[in-house]
Amino acid sequence: MKARVHVMLKDGVLDPQGEAVKHALGTLGFSGVDAVRQGKVIELDLAATDRKAAEAEVRAMCEKLLANTVIEKYTVEIA
Amino acid sequence: MKAAVITFPGSNCDRDLAVAFKAAGAEVVRIWHKDTSLPKDIDVVGIPGGFSFGDYLRCGAIAARSPIAQAVIAHAGRGGYVLGVCNGFQVLTETGLLPGALMRNAGLKFVCKSVDLRVETTDSAFTSGWSRGTIASVPIAHHDGNYTADADLVARLKAEDRIAFTYMQNPNGAVADIAGILSENRRVLGMMPHPERCIDPAQGGTDGSVLFRSLMTALVAA
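Protein sequence lines correspond, in order, to chains P and X.
Residue numbers for the first sequence follow this note's numbering, beginning at 1 and rising by one.
Residue numbers for the second sequence follow this note's numbering, beginning at 80 and rising by one.
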């Protein structure tokens, strides 16, 4: 079973990298970009076979390590 | 005073930190990250600067879950002293021993230079040797020193006099110009600037030695 975790900065936390990317896109002539937020994707191969249990396990991983919940939020997809 | 300095893979200020503790008169033991306990009579744990675990995932995130981190958390829980410098500060926020988080510098550049810090509180074993408002020149060298906290936390840190140092000229976008903060019991200090890099005139300044001498005085008196 595979899991995909998206980690993003929480709304309201300034993302200097996203701002820099937005600025660079503007420089390249892409004028319609109102905002850019940069995050990360973490893919896991899991031995688990139960979807619900796998999701609970990955959420626990996010809380303990994969995301810093002081500044980041996460979503979990099980595929 | 007996100090333990932790070394993670990628730490690069561990030796300097040990030298600074020794110069203040401390006995120093060096501890490897895979160790699971600290010697029993340790007064202060130093978590050094560097790039522990290559800054993978987030700065300090992997180090904060390493075997020795649990022993450091237990040491702090017993009222032990902890000093985290630079990457050490990042490790301390990742363990939850200090609140808030350190993000990428607002200017997105690695900043390496001496900066002027204002000593905001003398009510700690680390800062008692200064006068409040003293300006100390201390080097910084970091890419992720942008201290981030929500408005409630900043208000609480101010109300509880837990901001140890602020930048005179903010180099990284840190909220409220914060360069270093104390834990609730005032015995855990995390700071981005490197006091261990200015303890000897040969390093270009000695302002950092005040911190180590303060700690020594406080712990010997205790």
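Simulated from the structure, these hints should not be mistaken for lab results.
Just so it is clear, the structure is predicted and the values come from calculations on it, not from any experiment.
The reader is advised that the hints may include incorrect statements.
[To be verified] Okay, derived cross-link-like pairs now, DSS-like style, lysine-lysine, Cα gap no bigger than 30 Å in a straight line:
{"id": "1", "chain 1": "P", "residue 1": "Lys40", "chain 2": "P", "residue 2": "Lys22"}
{"id": "2", "chain 1": "P", "residue 1": "Lys64", "chain 2": "P", "residue 2": "Lys2"}
{"id": "3", "chain 1": "P", "residue 1": "Lys10", "chain 2": "X", "residue 2": "Lys237"}
{"id": "4", "chain 1": "X", "residue 1": "Lys237", "chain 2": "P", "residue 2": "Lys64"}
{"id": "5", "chain 1": "P", "residue 1": "Lys10", "chain 2": "X", "residue 2": "Lys119"}
{"id": "6", "chain 1": "X", "residue 1": "Lys113", "chain 2": "P", "residue 2": "Lys40"}
{"id": "7", "chain 1": "X", "residue 1": "Lys188", "chain 2": "X", "residue 2": "Lys237"}
{"id": "8", "chain 1": "X", "residue 1": "Lys119", "chain 2": "P", "residue 2": "Lys64"}
{"id": "9", "chain 1": "P", "residue 1": "Lys64", "chain 2": "X", "residue 2": "Lys188"}
{"id": "10", "chain 1": "X", "residue 1": "Lys113", "chain 2": "P", "residue 2": "Lys64"}
{"id": "11", "chain 1": "P", "residue 1": "Lys73", "chain 2": "X", "residue 2": "Lys119"}
{"id": "12", "chain 1": "P", "residue 1": "Lys2", "chain 2": "P", "residue 2": "Lys40"}
{"id": "13", "chain 1": "P", "residue 1": "Lys22", "chain 2": "X", "residue 2": "Lys188"}
{"id": "14", "chain 1": "P", "residue 1": "Lys52", "chain 2": "P", "residue 2": "Lys22"}
{"id": "15", "chain 1": "P", "residue 1": "Lys52", "chain 2": "P", "residue 2": "Lys40"}
{"id": "16", "chain 1": "P", "residue 1": "Lys40", "chain 2": "X", "residue 2": "Lys237"}
{"id": "17", "chain 1": "X", "residue 1": "Lys188", "chain 2": "P", "residue 2": "Lys73"}
{"id": "18", "chain 1": "P", "residue 1": "Lys40", "chain 2": "P", "residue 2": "Lys64"}
{"id": "19", "chain 1": "X", "residue 1": "Lys192", "chain 2": "P", "residue 2": "Lys22"}
These are the hints, each one checked on the structure:
1. Lys40/P / Lys22/P: holds (17 Å)
2. Lys64/P / Lys2/P: Status holds; Cα separation ~19 Å.
3. Lys10/P / Lys237/X: holds (24 Å)
4. Lys237/X / Lys64/P: holds (28 Å)
5. Lys10/P / Lys119/X: The given pair, whose Cα atoms are some 41 Å apart, is violated under the 30 Å limit.
6. Lys113/X / Lys40/P: Holds - the C-alpha atoms of Lys40/P and Lys113/X are around 28 Å apart, at most 30 Å.
7. Lys188/X / Lys237/X: holds (28 Å)
8. Lys119/X / Lys64/P: holds (28 Å)
9. Lys64/P / Lys188/X: This hinted pair holds, its Cα atoms lying about 29 Å apart.
10. Lys113/X / Lys64/P: holds (19 Å)
11. Lys73/P / Lys119/X: violated (39 Å)
12. Lys2/P / Lys40/P: Within the cut-off at roughly 17 Å; holds.
13. Lys22/P / Lys188/X: holds (17 Å)
14. Lys52/P / Lys22/P: violated (38 Å)
15. Lys52/P / Lys40/P: It holds: about 23 Å lies between the C-alpha atoms, which stays within 30 Å.
16. Lys40/P / Lys237/X: violated (33 Å)
17. Lys188/X / Lys73/P: holds (25 Å)
18. Lys40/P / Lys64/P: Roughly 16 Å between the alpha carbons, so the hint for Lys40/P and Lys64/P holds.
19. Lys192/X / Lys22/P: holds (28 Å)
In summary, the structure is inconsistent with hints 5, 11, 14 and 16 from the numbered list given earlier, while agreeing with the others.
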